[in-house]
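Enquirer: These are the residues of each chain, in order.
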Amino acid sequence: MTDSLLTVSGLCKNFGGLAALDDVRMSIRPGTIHGLIGPNGSGKSTFINVVTGVIQPNAGSVSIGGTDVAGRRSNVVNAAGIARTFQNLRLFRAMTVLDNVLIGEHRHLGYGLGSALLMRNGPAERRAKEQAMGLLSDVGLSHRAETIAGSLPYGEQRLLEIARALATKPKLLMLDEPLAGMNPTEMDRVVSILREIVSRGVTILLVEHAVRVVMSVCDHISVLNFGRNIAEGTPREIQGNEDVIVAYLGRRRHAA
Amino acid sequence: MGRLNPLGLAVIIAAIVIPIFLSEYALHLMIMVVIFAILTLSLNLISGYGGLISLGHAGFFLIGSYTSALLSVYQGWPFWLSAPMAILLTATSGLLLGFPALRWSGHFLAVITIAFGSIAQLLSINWVFLTNGIDGVAPILRPYLPGIDLTSNLNYYYFVLICLAFIVYLMIRLVASGFGRALKAIKDDETAAACMGIDVRITKVSAFVISAALAGFAGALYAHYIRFLNPDSFSLDVSIRIFMMMIIGGTGSIAGSILGSFVVYVLPEVLRPLQDYYYLIWGVIVIVVMLFLPGGLISLGSVVRARLAERKDRADQKIVSTEAQP
Numbered sequence: 370m371t372d373s374l375l376t377v378s379g380l381c382k383n384f385g386g387l388a389a390l391d392d393v394r395m396s397i398r399p400g401t402i403h404g405l406i407g408p409n410g411s412g413k414s415t416f417i418n419v420v421t422g423v424i425q426p427n428a429g430s431v432s433i434g435g436t437d438v439a440g441r442r443s444n445v446v447n448a449a450g451i452a453r454t455f456q457n458l459r460l461f462r463a464m465t466v467l468d469n470v471l472i473g474e475h476r477h478l479g480y481g482l483g484s485a486l487l488m489r490n491g492p493a494e495r496r497a498k499e500q501a502m503g504l505l506s507d508v509g510l511s512h513r514a515e516t517i518a519g520s521l522p523y524g525e526q527r528l529l530e531i532a533r534a535l536a537t538k539p540k541l542l543m544l545d546e547p548l549a550g551m552n553p554t555e556m557d558r559v560v561s562i563l564r565e566i567v568s569r570g571v572t573i574l575l576v577e578h579a580v581r582v583v584m585s586v587c588d589h590i591s592v593l594n595f596g597r598n599i600a601e602g603t604p605r606e607i608q609g610n611e612d613v614i615v616a617y618l619g620r621r622r623h624a625a
Numbered sequence: 007m008g009r010l011n012p013l014g015l016a017v018i019i020a021a022i023v024i025p026i027f028l029s030e031y032a033l034h035l036m037i038m039v040v041i042f043a044i045l046t047l048s049l050n051l052i053s054g055y056g057g058l059i060s061l062g063h064a065g066f067f068l069i070g071s072y073t074s075a076l077l078s079v080y081q082g083w084p085f086w087l088s089a090p091m092a093i094l095l096t097a098t099s100g101l102l103l104g105f106p107a108l109r110w111s112g113h114f115l116a117v118i119t120i121a122f123g124s125i126a127q128l129l130s131i132n133w134v135f136l137t138n139g140i141d142g143v144a145p146i147l148r149p150y151l152p153g154i155d156l157t158s159n160l161n162y163y164y165f166v167l168i169c170l171a172f173i174v175y176l177m178i179r180l181v182a183s184g185f186g187r188a189l190k191a192i193k194d195d196e197t198a199a200a201c202m203g204i205d206v207r208i209t210k211v212s213a214f215v216i217s218a219a220l221a222g223f224a225g226a227l228y229a230h231y232i233r234f235l236n237p238d239s240f241s242l243d244v245s246i247r248i249f250m251m252m253i254i255g256g257t258g259s260i261a262g263s264i265l266g267s268f269v270v271y272v273l274p275e276v277l278r279p280l281q282d283y284y285y286l287i288w289g290v291i292v293i294v295v296m297l298f299l300p301g302g303l304i305s306l307g308s309v310v311r312a313r314l315a316e317r318k319d320r321a322d323q324k325i326v327s328t329e330a331q332p
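Those protein sequence lines, which keep their order, are chains B and L. Its first residue numbered 370, the first sequence is counted upward by one per residue in this note's numbering. Its first residue numbered 7, the second sequence is counted upward by one per residue in this note's numbering.
So that you can see chain L by itself, here it is in the shape it has in the complex (with noise of 0.2 Å):
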């Protein structure tokens, strides 16, 4: 992490130069990996970094959604001033859900952001005056820039691109300022780190506060990006991908929550030919890198590797073991 490996610079240039050939499809499922890629950062911040379960961030994916789009299509504003409108709002309930929540940690707090999902699903089914319910809000806009015409998806994929390089920065930054050191440490041992001095509350709260900032902002960038809004894309379901990109990915890296955002979203598209088969083949691989990548994809060189030093160091030993028999 931090360090740009050729493969690295690779997949940079790949994400640039491939979308110019690909089909209107599949222009589609890269512009959601992208946006998705943003969702899992956002979480692995909190959880991979700090410890801390979410399973509702599509409660913050839906309210930056909704925020931005209802200013949008109702109030005419134009996406530089609605999508700032949502993050705001998604801070500010990340500090509302965050302050009484983060008392707990482990499965409490994942049933409490579970719970906070559902709320914020029912809401905007619910509250038909602001949401116009299940028929869901239309048509909303493409944000507007001079010279750049974003109603291109190949454009929006590469304005979606860009802040995506401007979030990693940002996670790029944080994991590295003192912020990180000791939101790391929290994980570690929440008691020792406040023994040394971390207020362990505020500390929690920011973390928690900023993910979800960085969820709405993502929600944003949807909802401008599909141009119609409903509840149903905001599911329980949406959460528990989010987690699977983070997990599959690789806990705690930034790379690998990229990584785990492209594989969960665009291997159940390339396995739906199987039909009936694809649930079960996908399980099949969900449980694999569980069992033998527990730091995710991005972990496979690695684990790679020292199995194959392993193997070396043993073959080795032989070497000399016969060599000293005469």
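Bound-form chain B, shown alone (with noise of 0.2 Å):
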């Protein structure tokens, strides 16, 4: 447990009567790309929404490379390590998409608000903006910094909230549902970026329902279902699992 970077446990929440998560742990090892799966409504972004402080627990603990952060507001966590990606893609629609990115790298500006007045800014805003066109160059946006987010096709959008996460500069990134409404080319093109940003030392925990990606990519699996877990393992012991197998297609008829 003491090499783990994210160590969640005992985390509940409870949206009126309905246990949304309930009990959950979960341990992330460092380097590797750790799956998320479950049923639809099984709690995966409720989980990810708890362990970034968009919602609050109603109990548990988080902890990322030893902070705790569980109930933390989200600029807490984020500046602890954790950067997220949104199901429902939540750029800032009405901004550049270069100016997603800067939104990113806010934290490492190292320039406060006496210096931008006093036009003594140019050079770290210069700095941002390099690293930020990397970041767009990385995941194949380049060529789109000066275009309004909002008017990016879907897959472009859900590049740009990976860009934008990594600008933050965080030790695990959050990814929920990446792939959603992608075409076989463009998830191949995503799994390459994800092996890229992990072999730079990011980990990463993946929520997907492309299964045969998570197969793939993932080194370790959690299962959730009904907000509780139901299993964990490599993605060979999840395979054949037999609670995985009933929790998506449901228990055999004639079964002993």
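It cannot be assumed that every hint is accurate.
Facing chain L, according to a computed beta carbon distance under 8 Å, are these residues of chain B, among others [said to hold, decoys possible]:
#1 LEU478
#2 ARG533
#3 VAL580
#4 ILE599
None of these hints come from the bench; they were simulated from the model. Think of the CB as a built atom: it goes at the ideal place given N, C-alpha and C, for glycine as much as any other residue.
Both chains are given apart, each in its own frame, so use the hints to dock them into the complex.
Expert: In structure tokens, the structure reads:
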């Protein structure tokens, strides 16, 4: 347990009478792609929302690199090293693609209001822009830098979300269905981007419905159903796990 | 915004040259336009860029006016000390209001700021010991500047114009900085902004404090221009007027704030000869602008250009389709 980057234990979230998360635990080792799967409504997005401070948990602990962030505000969680993307795309739609990434760099700009007013933020802004352009070219969007984010095609919006999250220089990147609505070519591109991200030392939590992709890229997988952990293991172990098969496909009618 | 086009240059030259030939009354209007332009810019920072609605800016305007006026009249402070004090005090009141109030946004914030404006005005009426109540404060001296006689309204006009230019510069720097970008991001999507590491609360409160400080400065400029203050000049009506200037000029546009102040302040004066029909016509103009130019008057040029381009496109398509007919 000591060598895990993210340690979650006893995480609970109730919406009214519904337990969206019920005593969820998770441990993510650094340098891995950790898959989080489960049927619709099993609590995957809620898990990300609670961990990143968008929703407050009812109980539980969340620790990233030794810092406890359970119930803290989203910007504190981000500063502690967790970045995320959103399942239903939450780009700054009225801003340019480049500005979206620059928002990701905000915490690292290294200048305050005073130097902005005295026109002494030029070098810092230029450095930030260079880094942002680098990230955009990593995801293949550098030609779109000056486009308004809201007008990008769907697949490119997903890529921009990844670039924007990476700009915050996270230790752990939580991707909420980054492949949703993509065609096979785009999926391949995202998968290679994910591998590239991990090779640069960023750990990934991947929530995804495209099971084949999850099985092929993830080192380790957690499975949720009705807000509870039901399985944990390598892709091979998960594929053969009876509980997981039941959760996805239902119980065989004449099973003993 | 930012770029200076020929039209903008022409406006600046006109703003410098034309007042020389204006009547005292028209000059008075121009001075008020400039003071209101500063107020509108200050509102635009939080509303236009940050998406926070304030209908209490008359409150900050009042605090700035009274602070500078009272220090000047009763303590004998020069403008150059009383005005910074006015800025400091409004900034502090912005902080005190902003910290609790900015947990809310939208309608709730609008109502809270209305309440703030009302409280400020009620205090100025009833705290007679400090403000002299409805009898008002007078005579407030014009700022003393060696070599330049600011008791001349023309000179005072240039003085406030320079102040406006300075504040426009500040706004441009602010909006183009990381701070301005963060503010726009918060307006777009607060949750996403927080998840990208932006401290939403601090950013909003900072914007609110800066906005209040600018409104306080406008207040000081007003007090030492008009030389007599009483609580009537700071009603909810004034807050709404500032809000209209921002909307009609162009939300989120620096040039729009200035244009909006000019139009909203001067147009009613121009329409005044219409007497009974004056409010009717003014109302219709406001509604038409809102319906057809959601980006405000400042967007008129680009909207017309887009329409023309659209029409030309359609005409071109027609030619192509008739050519393809045979």
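Enquirer: If a hint holds in the structure, say so; if it does not, say that too.
Expert: Structure-based check of each hint:
{"no.": "1", "hint": "LEU478", "in the structure": "5 Å, holds"}
{"no.": "2", "hint": "ARG533", "in the structure": "7 Å, holds"}
{"no.": "3", "hint": "VAL580", "in the structure": "27 Å, violated"}
{"no.": "4", "hint": "ILE599", "in the structure": "28 Å, violated"}
Consistency with the previously given hints fails for numbers 3, 4, ordered from lowest to highest.
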